[in-house]
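Visitor: Just so you know, the sequences run in chain order H and V. If you count the first sequence from 1, you need to add 12 to reach our numbering. If you count the second sequence from 1, you need to add 322 to reach our numbering.
Simulated from the structure, these hints should not be mistaken for lab results. Be aware that a few hints might be false.
[Said to hold, decoys possible] Straight-line Cα separation of at most 35 Å, DSBU-like style, residue types lysine-lysine; simulated pairs:
id, chain 1, residue 1, chain 2, residue 2
1, V, Lys374, H, Lys110
2, H, Lys56, H, Lys110
3, H, Lys421, H, Lys89
4, V, Lys370, V, Lys399
5, V, Lys718, V, Lys583
6, V, Lys604, H, Lys400
7, H, Lys20, H, Lys60
8, V, Lys399, V, Lys374
9, V, Lys718, H, Lys400
10, H, Lys421, V, Lys420
11, V, Lys405, V, Lys346
12, V, Lys718, H, Lys36
13, H, Lys64, V, Lys697
14, H, Lys343, V, Lys583
15, H, Lys36, H, Lys64
16, V, Lys697, H, Lys286
17, H, Lys307, V, Lys605
18, V, Lys640, H, Lys400
19, V, Lys697, H, Lys95
20, H, Lys343, V, Lys604
21, V, Lys399, V, Lys366
22, H, Lys89, H, Lys110
23, H, Lys400, V, Lys420
24, V, Lys370, H, Lys400
25, H, Lys64, H, Lys20
26, H, Lys343, V, Lys605
27, V, Lys697, H, Lys343
28, H, Lys374, H, Lys400
29, V, Lys420, V, Lys370
30, V, Lys456, H, Lys238
31, V, Lys399, V, Lys640
[Stated by the list, open to error] Simulated coverage check for chain V against chain H, where a stretch passes if three residues somewhere in it have a Cβ under 8 Å from a Cβ of chain H:
id, segment
32, 429–441
33, 480–494
[To be verified] Far from chain H, some chain V residues (derived; all Cβ distances over 12 Å):
id, residue
34, Phe347
35, Leu387
36, Gly597
37, Val720
38, Val727
39, Asp729
40, Val751
No residue lacks a Cβ here, since even glycine has one placed at the ideal position from N, Cα and C.
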Amino acid sequence: MANSEGNKLWGGRFVGNTDPIMEKFNASIAYDQRMWDADIRGSKAYVKALEKAELVTTEEMNSILHGMEQISEEWAKGAFVVKPGDEDIHTANERRLKELIGEPAGKLHTGRSRNDQVVTDMRIWLCDAIATLKEDALQLVATMVERASVEIDVLFPGYTHMQRAQPIRWSHWILSPPAECGGFSHLMSALWPLSSYMKLMVLVWVVFSGAIAGTPFNIDRELLRKELEFDGISINSMDATGERDFVAEFLFWASLCLTHLSKMAEDLLLYSTKEFSFIALADAYSTGSSLMPQKKNADSLELIRSKAGRVLGRCAGFMMTIKGLPSSYNKDLQEDKEAMFDCFDTLHGALRVTTGVMSTLKINRPVMEAALSPDMLATDLAYYLVRKGLPFREAHGLSGRAVFQAESKNVPLNQLTVEDLAAISPLFDRDVAAVWDYSSSVEQYSAPGGTARSSVTAQVQHLRRWLQDHTQ
Amino acid sequence: MANSEGNKLWGGRFVGNTDPIMEKFNASIAYDQRMWDADIRGSKAYVKALEKAELVTTEEMNSILHGMEQISEEWAKGAFVVKPGDEDIHTANERRLKELIGEPAGKLHTGRSRNDQVVTDMRIWLCDAIATLKEDALQLVATMVERASVEIDVLFPGYTHMQRAQPIRWSHWILSHAVAVSRDVERLQEIRSRTNVLPLAYDLLMLLLHVNVELEFDGISINSMDATGERDFVAEFLFWASLCLTHLSKMAEDLLLYSTKEFSFIALADAYSTGSSLMPQKKNADSLELIRSKAGRVLGRCAGFMMTIKGLPSSYNKDLQEDKEAMFDCFDTLHGALRVTTGVMSTLKINRPVMEAALSPDMLATDLAYYLVRKGLPFREAHGLSGRAVFQAESKNVPLNQLTVEDLAAISPLFDRDVAAVWDYSSSVEQYSAPGGTARSSVTAQVQHLRRWLQDHTQ
Numbered sequence: 013m014a015n016s017e018g019n020k021l022w023g024g025r026f027v028g029n030t031d032p033i034m035e036k037f038n039a040s041i042a043y044d045q046r047m048w049d050a051d052i053r054g055s056k057a058y059v060k061a062l063e064k065a066e067l068v069t070t071e072e073m074n075s076i077l078h079g080m081e082q083i084s085e086e087w088a089k090g091a092f093v094v095k096p097g098d099e100d101i102h103t104a105n106e107r108r109l110k111e112l113i114g115e116p117a118g119k120l121h122t123g124r125s126r127n128d129q130v131v132t133d134m135r136i137w138l139c140d141a142i143a144t145l146k147e148d149a150l151q152l153v154a155t156m157v158e159r160a161s162v163e164i165d166v167l168f169p170g171y172t173h174m175q176r177a178q179p180i181r182w183s184h185w186i187l188s189p190p191a192e193c194g195g196f197s198h199l200m201s202a203l204w205p206l207s208s209y210m211k212l213m214v215l216v217w218v219v220f221s222g223a224i225a226g227t228p229f230n231i232d233r234e235l236l237r238k239e240l241e242f243d244g245i246s247i248n249s250m251d252a253t254g255e256r257d258f259v260a261e262f263l264f265w266a267s268l269c270l271t272h273l274s275k276m277a278e279d280l281l282l283y284s285t286k287e288f289s290f291i292a293l294a295d296a297y298s299t300g301s302s303l304m305p306q307k308k309n310a311d312s313l314e315l316i317r318s319k320a321g322r323v324l325g326r327c328a329g330f331m332m333t334i335k336g337l338p339s340s341y342n343k344d345l346q347e348d349k350e351a352m353f354d355c356f357d358t359l360h361g362a363l364r365v366t367t368g369v370m371s372t373l374k375i376n377r378p379v380m381e382a383a384l385s386p387d388m389l390a391t392d393l394a395y396y397l398v399r400k401g402l403p404f405r406e407a408h409g410l411s412g413r414a415v416f417q418a419e420s421k422n423v424p425l426n427q428l429t430v431e432d433l434a435a436i437s438p439l440f441d442r443d444v445a446a447v448w449d450y451s452s453s454v455e456q457y458s459a460p461g462g463t464a465r466s467s468v469t470a471q472v473q474h475l476r477r478w479l480q481d482h483t484q
Numbered sequence: 323m324a325n326s327e328g329n330k331l332w333g334g335r336f337v338g339n340t341d342p343i344m345e346k347f348n349a350s351i352a353y354d355q356r357m358w359d360a361d362i363r364g365s366k367a368y369v370k371a372l373e374k375a376e377l378v379t380t381e382e383m384n385s386i387l388h389g390m391e392q393i394s395e396e397w398a399k400g401a402f403v404v405k406p407g408d409e410d411i412h413t414a415n416e417r418r419l420k421e422l423i424g425e426p427a428g429k430l431h432t433g434r435s436r437n438d439q440v441v442t443d444m445r446i447w448l449c450d451a452i453a454t455l456k457e458d459a460l461q462l463v464a465t466m467v468e469r470a471s472v473e474i475d476v477l478f479p480g481y482t483h484m485q486r487a488q489p490i491r492w493s494h495w496i497l498s499h500a501v502a503v504s505r506d507v508e509r510l511q512e513i514r515s516r517t518n519v520l521p522l523a524y525d526l527l528m529l530l531l532h533v534n535v536e537l538e539f540d541g542i543s544i545n546s547m548d549a550t551g552e553r554d555f556v557a558e559f560l561f562w563a564s565l566c567l568t569h570l571s572k573m574a575e576d577l578l579l580y581s582t583k584e585f586s587f588i589a590l591a592d593a594y595s596t597g598s599s600l601m602p603q604k605k606n607a608d609s610l611e612l613i614r615s616k617a618g619r620v621l622g623r624c625a626g627f628m629m630t631i632k633g634l635p636s637s638y639n640k641d642l643q644e645d646k647e648a649m650f651d652c653f654d655t656l657h658g659a660l661r662v663t664t665g666v667m668s669t670l671k672i673n674r675p676v677m678e679a680a681l682s683p684d685m686l687a688t689d690l691a692y693y694l695v696r697k698g699l700p701f702r703e704a705h706g707l708s709g710r711a712v713f714q715a716e717s718k719n720v721p722l723n724q725l726t727v728e729d730l731a732a733i734s735p736l737f738d739r740d741v742a743a744v745w746d747y748s749s750s751v752e753q754y755s756a757p758g759g760t761a762r763s764s765v766t767a768q769v770q771h772l773r774r775w776l777q778d779h780t781q
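When you get a sec, could you build the whole thing from the sequences and use the hints?
Guide: And the structure:
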C-alpha cells in the first residue's frame, strides 16, 4: 500500500499517484513558505496546548519545541531545503521536524487540520504586515505634516475640476491627503480599524477549530490565544475555517489607500509639468528617456498611480473567488495568499516611495504665486456684495458679469475700473480695491479645516497629536 | 446677457447655451432627487448657522425654514414638480424656494458650494440607509439564532471541499452564517462612524460648528479640500455591500445544494420558489439564485467606482457624480437581499430523517484515528492507519463500521472490541465541546453569545 501519496499528510486511503501536473497546480509551497515563521509560532503554541491536554508528554513537547527552533534557524539563514512532496509550508515544516526528532513529530497534528493551521498562520503573518504598513504610513504622514509646517507661507491656486478655483496655502494641499486618510482617516483610520479589528478578528480565529466540527481533546483555546497574543477566539468553527473576510478587507484597504496615493500622484504629476512648473521631483525619483535627452519623467508617481489597478484587481479577483462558495473550507481559498502578499509588497513599496518623493521635491514658489490670478478672487468680489447686504445668489451673478466684462475687455479682473463695476452694481465703490489681495483672501477662511494660517496651523497640530497617539 | 444659463446656479459669466445633449448627460436630478429630504435638512441647518453669523435676519431665516417645510411636504406627497433647468436636487429645491418666498431664497447659498452640499446630503442619506440595513441584518441574525436554538438536536453531515467531512449539528451550520452576518453589522457601524462627519467646508467662521450641532454629526472634517473631494465613505459602503453579499451568496449556495433532490435536506417555502413554464414538476429556489447573483452586481458597482476615483486631481471633479447611483443601487440590493434571506431562513423546512440518514460511517474515520491516538499512537500514524481501514472497507464494499475486529486488528493490533464505541454519531459530535465546536454545550453557548450580542446592538 506504500505509495508516493504516503508522504503526504493526507495519504492514507490513497493508492493512485497524483498527476504531476496536478501536483504543481495544487502545491502552494512556492509562495506560502513566506509564512514559515508564523507557521512555526503557531505550532509551538499548539504543542503547548497538546501538553496541557496530556496528548504529548512534557519531554515530547520539549523535543518538538527544540526541533521547531532549529527549523526556524534554518529558514532564517536561508538554509531550509524544500523537498519534492512538500506541497505547502505546513507539510514542509512537519516533514523536517520528523527528520530532526523522529516519532514525536507525528503527534503535532493531533486534533487539528491544515484548514486551521493555514488561517492561523495567515492571521499571524498579516498582523505583522499591518504593523509594518502602519509604520510606513505614519512616516508618510509625519513627512507631509512637517513639510506643511515649514512651507506654510506659500500660496498657490487651489483647483476644482482642474480649473483655478481660489487661492490656498500650499500646505493646505499637502495636508489634504493626510486629512483624507481620515484625518488620515483613511490611510490611518482605515488602517486603524483594520488593525484593531484585525487584532480582534484576525487574531480571533485562533486556532484549531479542527477542520469543521471543532476541536476535541480538551485543547485549551485560551492558552493558544494567549500564546499567540490574539485578542479573542472565533465563535464558530465552520465559519472560522471557511471565511477570509480579513483578507478581503485588507485587499480593499490596500485598494482604497492606493486611490489616495494615486490622487496625490496625479496632482504632483500636473504640478511637475513645464506648463505648471510648480514643483520639481528629486532626481532620485525621476527617470530619463533613452531617446530624448531633455526628458525628466516622474516615473515614481506614474508607478504609484499604476498600482491602484493592480491592487484593486487582486481585491476584485479574490471577491469573485469567494462568492458562492459552499460552507467551510474549499481549496478555492488558496487564492488568498498570493493576493495578500502582493498587496502588502505593493503598499510597502508605494508608501515608502511616496514618502521619499514628498520629502525631497522642491517647490518653485515664485511660479506658484505668479499663477494666482485676479479672476480667482471672483468669489471674494461676490462676498464683497454680500457684506453690503445682497443675497449671495444675486452677488454671484453680478460677479460673473464682471468676469465676463473683464474677458471682453481683455483685462485682468482687478483692472476693471470702479466705473465699470458700478455699472454692474451701484454697491461697488472705491473700497473694492481691498478685494484684490491674495493674503487677505486666504486669511478669511479661518474656520476649522480652512486655509487661513491659523487653520492650517491647527491642522498641523492636530496631526502631530494624532501621530503621537498612534506611535507605539 | 440674459440667457438660459442664467437660471442655473452658476450662470453668471456664461453667455452660450449648453448643448441639450450635454444638459442631459450632466444632469443628476433623475436620481439625486432621492435625497430631497437630506438636502432640505442640510439647508435648514445651514440657514440657522447663517442667522447666527448674521448673514440672514431672523425673519429671513424663518421664511426660509417655512418655505423648506412646504417643499418637504410637496416631496413627501409626490407633488413636487421638477422643471427643466433643475439640473440637480440642490438647484430644484432652491428654485422652488424662490418661487415660494422670493428674494430671501437667494441668501441660502452664502458661503457654500454645491460641492459641500452634495456630500453633506449624501452623508445624511447614507447614515439613514445604514440604520435601515443594520435593522435588516439584525433581523436576519435573530431569525437564524432562534432557528438554531429550536433545531439544536438535528445532526447532519458537515462538508469541506463539498465532500462529507464530519458529523455536525444543523444548528452549527446555521450559526456559522449568522456569525458572518454579525460581523457585517459591526463593520457597518464602523463605516457609519466615518460617514457621520460633517464635510462642509464653509468659508465663514462659526458656520461650521453650528451646522454640525444641528445635523448631529459626530465630528467635522479637518481639511476642506479633502472634504469635498473624497468619497471614501461611499467606497467603503460599496465594499461592505460586496462583502456582505458574498456571505449571503455562500449561504445561498449551501441551501441550493441542500434543496436538490440528491441532497433533499431542506425544502424552501413556496413563497420563495418559482416554477417552470415548461416543466410542471419544477420547484426552483430562485430567491437563492437571485441573492447569489447580486454579489457580482454590487462588486461591479464597487470596482467601477474605485476605478472612477483613481487618479483624480485634488478636490471636487464631476467624475464624482458617479457615486450616487452606485450607492443607491447597493442600498436597494442589500435591503432586498437581507430581507429575502430572512424570509427564506424563517420559512424553510428541514427533512430531518434524510439529513441524519446522510451521516455515513466513513465520516467517523477521524474518530477512528482518535481512538488510536487515545491508545498512544502519534496522530500522523493513526491517520494513516485509519486511511487504510477506509480503503479496505471500500475494497470489500462494506461501510467502514462493518469491518470486523479481525480486519481492523490486521491493520493495527491496538484495535479491539471497544472500537464499537466509535460508531456513534452523537458521541462523535459531543466530543467537540471546546468553544466554537459542535457539541450541544458549545452550540448552546454560541446561541447565548449571539442573543447577548443582539441585545447590545438593538437600540
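Visitor: For this structure, which hints from the list above don't hold up?
Guide: 1, 3, 6, 9, 15, 16, 17, 28, 40
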